[in-house]
Every structure is written in C-alpha cells, then in structure tokens.
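Engineer: Okay, so the sequence shown: first residue is 1 according to the working numbering, each after it adds one.
These are computed hints drawn from the structure, not numbers from a lab.
From a predicted model like this one, the values you see are computed outputs, not experimental measurements.
Treat the hints with caution; some may be incorrect.
DEER-style ranges, computed between Cβ atoms [as the list claims (entries may be wrong)]:
no., residue 1, residue 2, range
1, S40, F212, 25 to 35 angstroms
2, K651, T350, 56 to 66 angstroms
3, N345, R166, 23 to 33 angstroms
4, A519, K306, 35 to 45 angstroms
5, K592, S310, 52 to 62 angstroms
6, N99, I413, 54 to 64 angstroms
7, A263, A216, 47 to 57 angstroms
8, Y605, T350, 33 to 43 angstroms
9, G562, I630, 29 to 39 angstroms
10, D604, H453, 53 to 63 angstroms
11, D224, S40, 51 to 61 angstroms
12, S515, K268, 20 to 30 angstroms
The C-beta atom is built at its ideal place from N, Cα and C for all residues, glycine as well.
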Amino acid sequence: MNDMTYILIAVLLIFFFFCIIFFLEKLFYQQNKEKLYRFSTAVLATCILWFIYISILSSINIAQWEDFLSYKMLLYFVGSCMVLYITIEKVGKIERDMNTIKLLKLSLFMSVTFLGISYLPLIDILQIEEHLGLSIAFALVLMVTTIFLVMRVIQQMKIDMVINKRKLPLIFQLFIALLSGLAIIGWYYTFLYLFVEFNSSFFIVAEFISIFLLIATTIIYAEDQYKFKEEQLKRNNKRLSYLAYHDQMTNLPNRVKINEIIASLIEKNEKFALLFIDLDDFKFVNDLLSHKVGDILLVRITQRLKSLASEKDSVGRIGGDEFVLIKRDYKSREELEQFINDVQNYVTKTVTIDNYPINITPSIGIVEYPDNGEKVSDLLKSGDIALLQAKSKGRNAKHYFSNTKDQKTIDLISLREDLKLALERNQLEVYYQPQIDLKKDKVKGFEALLRWHHPKKGIVSPATFIPIAEETGIIAPIGEWVLREACKQVAKWNKEYNMEYRISVNLSLKQLYKSDFVAVVEEILKETQLPHSLLELEITESVAMADVNRTKLIFKRFHEIGVRLSLDDFGTGYSSLSFIQQFKISRIKIDKSFLKEITVDSDDYKIVSGILSMALQLNLLVTAEGIETIEQLDYIRENNCHEAQGFYFSKPMPPAEIEKKIMNI
Numbered sequence: 001m002n003d004m005t006y007i008l009i010a011v012l013l014i015f016f017f018f019c020i021i022f023f024l025e026k027l028f029y030q031q032n033k034e035k036l037y038r039f040s041t042a043v044l045a046t047c048i049l050w051f052i053y054i055s056i057l058s059s060i061n062i063a064q065w066e067d068f069l070s071y072k073m074l075l076y077f078v079g080s081c082m083v084l085y086i087t088i089e090k091v092g093k094i095e096r097d098m099n100t101i102k103l104l105k106l107s108l109f110m111s112v113t114f115l116g117i118s119y120l121p122l123i124d125i126l127q128i129e130e131h132l133g134l135s136i137a138f139a140l141v142l143m144v145t146t147i148f149l150v151m152r153v154i155q156q157m158k159i160d161m162v163i164n165k166r167k168l169p170l171i172f173q174l175f176i177a178l179l180s181g182l183a184i185i186g187w188y189y190t191f192l193y194l195f196v197e198f199n200s201s202f203f204i205v206a207e208f209i210s211i212f213l214l215i216a217t218t219i220i221y222a223e224d225q226y227k228f229k230e231e232q233l234k235r236n237n238k239r240l241s242y243l244a245y246h247d248q249m250t251n252l253p254n255r256v257k258i259n260e261i262i263a264s265l266i267e268k269n270e271k272f273a274l275l276f277i278d279l280d281d282f283k284f285v286n287d288l289l290s291h292k293v294g295d296i297l298l299v300r301i302t303q304r305l306k307s308l309a310s311e312k313d314s315v316g317r318i319g320g321d322e323f324v325l326i327k328r329d330y331k332s333r334e335e336l337e338q339f340i341n342d343v344q345n346y347v348t349k350t351v352t353i354d355n356y357p358i359n360i361t362p363s364i365g366i367v368e369y370p371d372n373g374e375k376v377s378d379l380l381k382s383g384d385i386a387l388l389q390a391k392s393k394g395r396n397a398k399h400y401f402s403n404t405k406d407q408k409t410i411d412l413i414s415l416r417e418d419l420k421l422a423l424e425r426n427q428l429e430v431y432y433q434p435q436i437d438l439k440k441d442k443v444k445g446f447e448a449l450l451r452w453h454h455p456k457k458g459i460v461s462p463a464t465f466i467p468i469a470e471e472t473g474i475i476a477p478i479g480e481w482v483l484r485e486a487c488k489q490v491a492k493w494n495k496e497y498n499m500e501y502r503i504s505v506n507l508s509l510k511q512l513y514k515s516d517f518v519a520v521v522e523e524i525l526k527e528t529q530l531p532h533s534l535l536e537l538e539i540t541e542s543v544a545m546a547d548v549n550r551t552k553l554i555f556k557r558f559h560e561i562g563v564r565l566s567l568d569d570f571g572t573g574y575s576s577l578s579f580i581q582q583f584k585i586s587r588i589k590i591d592k593s594f595l596k597e598i599t600v601d602s603d604d605y606k607i608v609s610g611i612l613s614m615a616l617q618l619n620l621l622v623t624a625e626g627i628e629t630i631e632q633l634d635y636i637r638e639n640n641c642h643e644a645q646g647f648y649f650s651k652p653m654p655p656a657e658i659e660k661k662i663m664n665i
C-alpha cells in the first residue's frame, strides 16, 4: 500500500467521522445514550487522528508505522483518548445556545489538545530540542481558526436540524464533512512543514482554501438562517395574532375580536343587532357524555351558526357555551325576528355524536344598536342582561333588551359590582339591636346587623345585598369583617360600662363551611379579648340542615370552646326541637311572622305556645323576634319567653346612638 493510498484513506476516514457526527448524533440522543455517543466519538476521533498523523508522517518519510508501536506511543494514544473524552464530556459538546466567545474558548482548548497530540510524538521521533515558539504559535492560531470554523458550521447545522426542524440536503452535509476533513488534513501538513521540509504545497493551499470556504459557508449559512428566522418570526407573529383574536377550538373570533368588530361598526354608525346565544344545560352534556362530546357539540353548533350567517355577519365565541352573532343588513324587527327563529330552529335540531342523539336548545338575548347603547361596553352589558332575562324564562327562550323594562336587572347587576368594592371603600357599617331580658327588663345583649351606605342609593336593605354577596362569594370576607367589628365593639362597651353584654352575629352557609372558620373565630375572640361565652353565632334552619353531619361536627367544636349557638327564624323550616338539641343549640329565635297578628284562636298562637312549652322542657333559651306591640310583648311574657327584640324596644342603631339611648335601659 503506497503513501498516497494512506492519505486517501485518511481523508475518507475523517470525512466519515464528520458524517457520523452529523447523522448518528440525533439517534444517540433519541435513545438517551449521550455518554456512549461522547465516549465513542472520543475513541473514534483519536484513532482517526492518529491514523492520519501516522499516514502523513509515513508519506513524507519522517516515520514508519513501526515507530508508533512502542509503549511510550501507546501511552500517548491513551492519553490523547482521555483528553479528547474529557474535552467532549465537559466542554466539547457544542451547545445550541453557545455564543461566539464560548465557542472561541472551546476552540482554543481543543486546539491545544490537538497540538499536544501532534507535537509530543513528533519530539520523540525527530529528536527536536530547540524551542520553536513562533512555529507553535502559528500552528495554534491556524488550528484555532480551523476548529472554530468547523464547529461554527456544525453548530449552525444543529440549530437548523434540532431547533428550526429543517431537513438539510444530503449533498450539503457531505460537502461540509469533506470540507472539514480537508481543513484538518491540510492543517496537519502545514503543521509538519514548520518542522520538516517536504513538497506540501498542495495540502497547504488546500488548507487555506478550506478555511476560506468555511468562512464563506458560515457567512452564507448565517444569512440564510437569519432570513429563515425572520420569516418564522413573521409566521409566529401572525399565528399569535390569530390566537389572540380567535377561539382555538372553533376558530371563531373571541371576545376581544368581537369587541373590535362591534367598535368598527359603531364607528361607521351602522345599524346592527347582537344575538347573545347560550346553550341551555350544556353542563349536563359535559358531565354525562364527556367533555370530548361537549367539544364536538360546540364545533357542530359553530358550523350551524356560520351557515345561517351572511357574509357580512360575524359569529364569535365569548365563553364556554356562549356565542355572539352580529347581524347586519336587516331592514325591520320582523326580519330580525325571523332570523332569530331560524337560529332557534336550526340549533335545536338533533345532533348525533358517537351514536348519541343530543337535543340542545339556545337561550338568546338580543341587543340592537343604537337603540340599546352607543358604546361597546354598554351593548355588552345590555347583552348580558338580555341573556339573563331569556334564561329566566326557561329553555329555548329569547328576550329583546329594553331600557325601561330591564332597569331592575340593570340596577341589580350594578349593585353587584358596587358591593365588591363596598368593604374596601368603608361603605359597610354594623348596626346593633338590643335584646331585652324579659324578667329584668334590661338589655342582655345585641344582635349585629349589617348596613350598606351606598354613595348614590343611600342605605341598601340587607334583604337586597346579602343574597348578592352570597351569590358572588364575597359573603365570607364581609362576614368575617362583621364578626370582628361586632366583637370589638361589644368588648369595648363591656369594658367602659362594666357590663357583660352578649353579641349575636349571623352566619352564612359559606362562612360556616370554611375549613378554617372555627380557628378564625378563636383568633377574633383572642384579638378583641371578648370572652367566648359572650359570643352567640346565629344560623337559620336551612343552613343547619344543608349538611347535617358536617354542621354537627362544626357546632360540636364551637360548643367545646364555649361559643354559644342559636337557631334563627325558628319555625319557618322543618327541624324538630329534639333534633335541634343534637346540634348543641343553646337558643332558638321565634320568627317574627308567627307574632305579627297573633290572637288566642289563631294557628300561630298554638304554634308559638307549643314551641315555648317544648323549649322550656328541653332547657332551651327562647328569643322572640320582631316585637312591635304591647300585645305581642304581653303574650310572650305570659308564655315564659326569656328574651325579646324588635322595634317596640329599639330599632337597629349605629354604635354612637346605642351609647346615647340604650345603655341606661
């Protein structure tokens, strides 16, 4: 085998080495065999580099193959393999996010390694004793340049294949592998030429041409990647813009896009109608048939709505099962009415999904521009109200918004929004109504009653805003605030007037069933220094019976810490006195409806007498609510009622008035 054959084999070996790097790396990484890949690369690279090195030395008659069979050369080989493995393992893996400075440092480190692999055996073979600092420096610069360019191209290819998911042409990958191989072979010849004179002009020229081509390739490749990224960014921005304005499931415009469409129509002063469409009982489809079936149903309904809409109309999805259809170019209310009937009829047609026949009906709220509002926000609010009114009529109903007829609902929604801010704006105040001991004719305690000072509507009745607070979920923080304020106020009065007034505070279901509610009560009592026995928590029968076992456990805990419990509005529900005893109730409050028009022969008289008689036998305290006349007072006295409260004694008052008018009773 002649020397040129060795050189050709060396070129082919290094060519195949880079092919392996390009083509097999992905396979190794997919199988989670990164360490095996790096170790194999280090061993293969060492073998190839030594084969190239020996082939070149042999071709220029500096050394023969036998010269590399000594123990010392074997030690160089193993050392070279270890250094390469450490290099690849620690810093040799070309990271996709590696910047130019890091890549340059890595190239310098690897160049020093390659230079060491090449120079140390050469010292032994040529017996070099002089210091060739300038030659070594030139070889190092040339090697750093070569490795840096090769690694830069490899990095660019990795970015394309792994991040950009681009399939690189095979001819291009083969070209880079061949170019990298020639660059390294050329470096070896150039390096050796610094120490030994031989005919190496072809390889030296090949080295510099390879470097030039690598520089050109990296520049052209970088420009191509920049253009690709720019186009990708445009596509991504377009996609993100689409996602920002469209629902992913149905591909309909979402609430943001619908708002923009409405705004543009208002700007054109064009008449249009908004149909707010909600699917009745859609939740049952998800619960009974699965969310997958529910999603398919939404897509089918979308297709039906789009088929009914004209080219100028717009259909959007603004909620889980809520759609908006913007109807344009209708000439009269009758034409609009006919279109709405078509929507109802088409949507209600049976939809079959996975052999399940599904019948769904729409509730539709209708708003017209400019009759029902001139702003987007006003039209949307009116649409919500119209849809709410339609749903209140039952399934498959529609409702046209009316500025006059829907005013009550508008006020209610407005009140709901105002209530969310009432606590932080200090609009809430606790009033106190005295509870009178009927034997001593003295104030025994107070019931805390919440009042809302609305900036525009004045004092709002609790009957109006308490249900709203429960519906919106803000009853819990409001209730905790009332409890804290009431305990603090009564503790203050007890200290100032040397009394032991009791405070009664009403609880809602959501407060009672909060996991930490008992702990919150204990914390408030500790904070306000009110004795546990002077706090009485009131609940209605409906709250007590909501979850009997859970209520029993909570009441048992309150009983253990000494907090009293009372049952409000007793008689209006369905509980028996014997059952109430199991709840650790210490007091019942007779609802005022039984005392309103009580006479000896009335049914209310018999009910109240029976309650009082049985309560006394069970050692339950009884408070009569809503006492307004002397006749009512005389009646409950005669029947041994313990306490009473009502307008006959005092209306609920703020703390300042209580201190002026009540403390001396």
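Engineer: Each hint needs a verdict: does it hold in this structure or not?
Structural biologist: Taking the hints in turn, this is what the structure says about them:
1. Roughly 32 angstroms separates the CB atoms of S40 and F212, a value that falls within the hinted 25 to 35 angstroms.
2. About 60 angstroms separates the C-beta atoms of K651 and T350, a value consistent with the hinted range of 56 to 66 angstroms.
3. The hint said 23 to 33 angstroms for the Cβ distance between N345 and R166, and at roughly 52 angstroms that hint is violated.
4. Between A519 and K306 the beta carbons are some 54 angstroms apart, a value that contradicts the proposed interval 35 to 45 angstroms.
5. Taken as a hint, the range 52 to 62 angstroms holds for the pair K592 and S310, whose Cβ atoms sit roughly 60 angstroms apart.
6. Evaluation of the 54 to 64 angstroms hint for N99 and I413 yields a pass: the beta carbon distance comes to about 56 angstroms.
7. In this structure the hint that A263 and A216 lie 47 to 57 angstroms apart at CB holds, the actual value being about 53 angstroms.
8. Between Y605 and T350 the Cβ separation comes to about 59 angstroms, which falls outside the hinted range of 33 to 43 angstroms.
9. The hinted window of 29 to 39 angstroms between G562 and I630 holds, with their beta carbons roughly 37 angstroms apart.
10. For the pair D604 and H453, the supplied restraint of 53 to 63 angstroms is violated, since their beta-carbon distance comes to about 35 angstroms.
11. Range check, D224 to S40: about 31 angstroms between beta-carbon atoms, so the 51 to 61 angstroms window is missed.
12. For the pair S515 and K268, the beta carbons lie near 54 angstroms from each other, so the given range of 20 to 30 angstroms is not met.
Violation of the numbered hints given earlier is confined to hints 3, 4, 8, 10, 11 and 12; the remaining hints are satisfied by the structure.
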